[in-house]
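Keeping their order, the protein sequence lines are chains R and P. Position 52 (the first sequence) corresponds to 52 in full-length UniProt numbering; numbering is contiguous. Position 245 (the second sequence) corresponds to 245 in full-length UniProt numbering; numbering is contiguous.
Any given hint might turn out to be false.
Chain R residues, not near chain P, derived (Cβ > 12 Å throughout) [unchecked claim]:
1) 6
2) 15
3) 19
4) 46
5) 78
6) 95
7) 102
8) 113
9) 151
10) 254
11) 352
12) 379
13) 383
Here are the computed lysine-lysine pairs in the DSS-like style, where the Cα-Cα straight-line distance is at most 25 Å [said to hold, decoys possible]:
14) 97/R / 59/R
15) 228/P / 317/R
16) 228/P / 314/R
Rather than coming from a laboratory, the hints here were simulated on the basis of the structure. The beta-carbon is built from N, C-alpha and C at its ideal position, and this holds for glycine as well.
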Amino acid sequence: MRLNAPVLEIDALLGDMSITIIVCTGAGGVGKTTTAAALALRAAEQGRDVCVLTIDPAKRLAQAMGLSVLDNTPRRVEGVCGADGKGSLHAMMLDMKRTFDEVVEEHADPERAQTILDNPFYQALSSSFAGTQEYMAMEKLGQLRAKADEDGSWDLIIVDTPPSRSALDFLDAPERLGSFLDGRFIRILTAPARGAGRGIGKIAAFSFGLFTSVLNKILGSQVLADVGSFVAAIDTTFGGFRERADATYTLLQAAGTSFVVIAAPERDALREAAFFVERLKSDSMPLAGLVLNRVQEVRETNLSTEQATASAEKLEKLGANERLTAALLRLHADRQRIYTRQLHLAERFTAAHPGVAATTVPALAEDVHDLAGLREIGDLLATRLET
Amino acid sequence: MWPGVALHVVSGKGGTGKTTVAAALALALAHQGKRTLLMEVEDRQGIAQLFDTPPLPYEERKIAVAPGGGEVWALAINAQEALLDYLDIFYNLRRAGSVLRRMGAIDFATTIAPGLRDVLLTGKACEVVRRIDKRAPNAYSAIVLDAPPTGRIARFLNVNSEVSGLAKVGPIRNHADLVMSIISSPRTAVHLVTLLEEMPVQETADGVAELRAANLPVGGIFVNMTRKPMLTGEQLQEARSGTLPAEIIGQCLNESGIEDLGATIVSTLLREANEHALRVDLEARESERIVELGLPTFFLPLLSEGIDLGGLYELANLLREGGIR
Chain R
1 MRLNAPVLEI
11 DALLGDMSIT
21 IIVCTGAGGV
31 GKTTTAAALA
41 LRAAEQGRDV
51 CVLTIDPAKR
61 LAQAMGLSVL
71 DNTPRRVEGV
81 CGADGKGSLH
91 AMMLDMKRTF
101 DEVVEEHADP
111 ERAQTILDNP
121 FYQALSSSFA
131 GTQEYMAMEK
141 LGQLRAKADE
151 DGSWDLIIVD
161 TPPSRSALDF
171 LDAPERLGSF
181 LDGRFIRILT
191 APARGAGRGI
201 GKIAAFSFGL
211 FTSVLNKILG
221 SQVLADVGSF
231 VAAIDTTFGG
241 FRERADATYT
251 LLQAAGTSFV
261 VIAAPERDAL
271 REAAFFVERL
281 KSDSMPLAGL
291 VLNRVQEVRE
301 TNLSTEQATA
311 SAEKLEKLGA
321 NERLTAALLR
331 LHADRQRIYT
341 RQLHLAERFT
351 AAHPGVAATT
361 VPALAEDVHD
371 LAGLREIGDL
381 LATRLET
Chain P
1 MWPGVALHVV
11 SGKGGTGKTT
21 VAAALALALA
31 HQGKRTLLME
41 VEDRQGIAQL
51 FDTPPLPYEE
61 RKIAVAPGGG
71 EVWALAINAQ
81 EALLDYLDIF
91 YNLRRAGSVL
101 RRMGAIDFAT
111 TIAPGLRDVL
121 LTGKACEVVR
131 RIDKRAPNAY
141 SAIVLDAPPT
151 GRIARFLNVN
161 SEVSGLAKVG
171 PIRNHADLVM
181 SIISSPRTAV
191 HLVTLLEEMP
201 VQETADGVAE
211 LRAANLPVGG
221 IFVNMTRKPM
231 LTGEQLQEAR
241 SGTLPAEIIG
251 QCLNESGIED
261 LGATIVSTLL
271 REANEHALRV
281 DLEARESERI
291 VELGLPTFFL
301 PLLSEGIDLG
311 GLYELANLLR
321 EGGIR
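Given only the sequences and the hints, what does the whole structure look like? Please build it.
In C-alpha cells, the structure reads:
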C-alpha cells in the first residue's frame, strides 16, 4: 500500500549503530511480537548482535526462534548470522513473576527475600497486578542493557511490549506501580511499623481513619496487614520502586532508543497508534515510524471497482465462461473496496501526523512457523514501493 | 439458542472484533420489543465509537433501537464507580465514598487488591442480572458484556479464586461468592470471537479449555470477518493449480467492454484468484478446528465497507437467522 508519508527505511534503522534499543508497540492483535522478531532476525543477518525480548509469543513463533523453554534468559538462535559470519540473534520470553522474584532475591538478604516471596500480597502483586508485566518488561530491558554495557553481548535490543488494553500502558504502568509503592497511602498504612506517620494533622488522621476502616470493611483486615508487612520488608532493601521505574523511563528517552509503532489498518488500532505517536512527541521520545501490518494489497491495473462490478453484472447473465470471468471481476472489486477503505483509514492517520515515516506489510495467508517466514516479513518490511 | 441465559459474556483475541460482535448480539437479542444492555468494562469507549455517540457516562442510556421496537441500552463501567456503588448499596457509604475518591483512596484500594477490580466489574453485571429475578421495572431481558480478551477472560470471570488469595473472609469474599454463583451458573454463557486464522483459532481452543477447566459455562463461537468463497469448487481447484483459462477470460473481458492491453488485467485476476483459493483453503482448515470444539458456531461475514451502524444491523440479522433470539 502506498501511503502519503515519508518512507520508514527499515534497513537504515537497523543498520544505524547509534541505535541500541528498538521498542515495538501498538494495540493488541496487530502483530507486534512477529514484527519485533522479524526486525531482530533481519538486523542479526545484517551483522548486528541482537537480543529480542518477547512478551507472550504464539507457540509456533516461539518455536520458530527455538524458544521451547520459558526460563527468562536470552537463548542463542542457532544458525543465524550475516553473510560474513558477523551478527547473532538471542531471543527470550519474559517471565514476569520470575523477573520480579529475581529483583527481590538480588536486593535482599536470603532471609528477608524469603519473607517477601512468601507474603500473600507480594504473590498477588507479582502475578496479577495490572501493570506488573509492563513494569517487569522495563526492568528486564534495563537488565539486558546493563549486561550489554558490561560485556558487549548485544549491540541492539529489540523489545516487544505487553498486550495491554492501551499501548500507553507500557509507558505509564511502571510509573504507576512505582508511585503506588512509594505513595502516601502505603506510607501511612505502614506508619506504625516505621514511625513515619507521626505528626500528621487532625484532618489527615480523620481521613486516614475513614480510609482504613472502609478498606478493612471491604477487604478484611488481613489484606492490609499483608500489605503492611510487605512494604516494611521491601522498604529497607529497595532503593525505591519509583526511582527504579524512573531510571528505566529515562533509558527510553535517551538517544539510542527508537520506537516503532505498529498498527493494522483498522480504526481502533490506528487510533491507538495516534495516541502513542502523540505521547512520544510530548515526552520527547524518538519515533522511528509506523509499521502498518496486514494491509490488503491490490495490483496496479486500470480497472476501477465500478467498471469491474458493471462488467460482472453484464457477464453473469451469459454462459459458463462469462460467469467465471464475472466471479473473478467481483473478487477483484471486493479487494479493491477493502483496499480503498484501508487506504482511507491510513491516510487519516498520515494526514494528522504528516512527519511520521511509515511502511506497510501485506496480509499473509499463513502464520509464521519458521525463520524463513520471519525473513519474508523482514523483506516485506524493508521493501520500498516506488512512488 | 441459549434460553434462560441472562448474561452473555463476549471475549476474543485482540483485533477479532469483540466489541462489534457484542453489539450485534445485543441488537439481535433485543428483537420484538425486548430491551438489552450492552456493557463494557475496559474504559475504551468502544461502544460509543461503534455507535457513533459521545463517550458513555457511568449511566445506562439507550443507544439503539432494534427492528420490531426493541431497544439496546449501554453502560460503560469502571472499577471506581462500581466501588462507590457497592459502598452505597451494601454500607450506605456513598458520602464517605466521595471523600475517599478525593483522597485517591479508591484507586489505592483497587490497586492493592487487583482481584477487587474484577469483582467490582463482574459484580455490577450480576447486579443487573439480579434485577430480572426481582422483576424490577428497570430489568433487561438480557445483558451482553464486552469483556477482556481471551488471554485474560478466565481469570477475569473466576473472581472467587482471584479474591481467595487476598481475602479469605469478609464482605468482599461474600460478594465474590454471590457473583460466582451467577457467573458459573447456566444463566451465563461465555462466547468467544475468532477469525479464521491460525493464531486466533489456537487462542480460542486454549480459551475454551481454560474456561471449562474453571467450570465456567462456555456458550458459542462467533467466527468473524469470514469471506464467502466467490468461486465454485471447480473454479477454486483451477485457481489453485493455475489452470484457469486465461485466453477465454480475456475474450470475456473484451466482450464486456474491458480493454485489456498486454493481458495485465487477466494476469492480475488470475493471481488474485490463486490467492483467494489459498485463503479459502486456510479458512476451511481453521473452520474444521473450530467445528471440532463442538460448540454452537456462528459465521459472520467480512463487510468490505467496514463496520458502521448499517453493518451492525446486518450482522444482528444474520445472528437472528442463525437462531439467536
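Against the structure, the hints:
1. 6: holds (26 Å)
2. 15: holds (30 Å)
3. 19: holds (28 Å)
4. 46: About 28 Å separates residue 46/R from the closest Cβ of chain P, which puts it past 12 Å; holds.
5. 78: The claim stands: residue 78/R keeps its Cβ more than 12 Å from every Cβ of chain P (closest is about 25 Å).
6. 95: At roughly 15 Å from the nearest Cβ of chain P, residue 95/R sits farther out than 12 Å, so the non-interface label holds.
7. 102: holds (21 Å)
8. 113: About 20 Å separates residue 113/R from the closest Cβ of chain P, which puts it past 12 Å; holds.
9. 151: holds (35 Å)
10. 254: holds (29 Å)
11. 352: holds (16 Å)
12. 379: It holds; residue 379/R is separated from chain P by about 18 Å at its closest Cβ, greater than 12 Å.
13. 383: Label holds. Min Cβ-Cβ 17 Å, cutoff 12 Å.
14. 97/R / 59/R: Holds, at about 20 Å.
15. 228/P / 317/R: Answer holds: residue 228/P to residue 317/R is near 21 Å, not above 25 Å.
16. 228/P / 314/R: OK: residue 228/P and residue 314/R at ~21 Å, within 25 Å.
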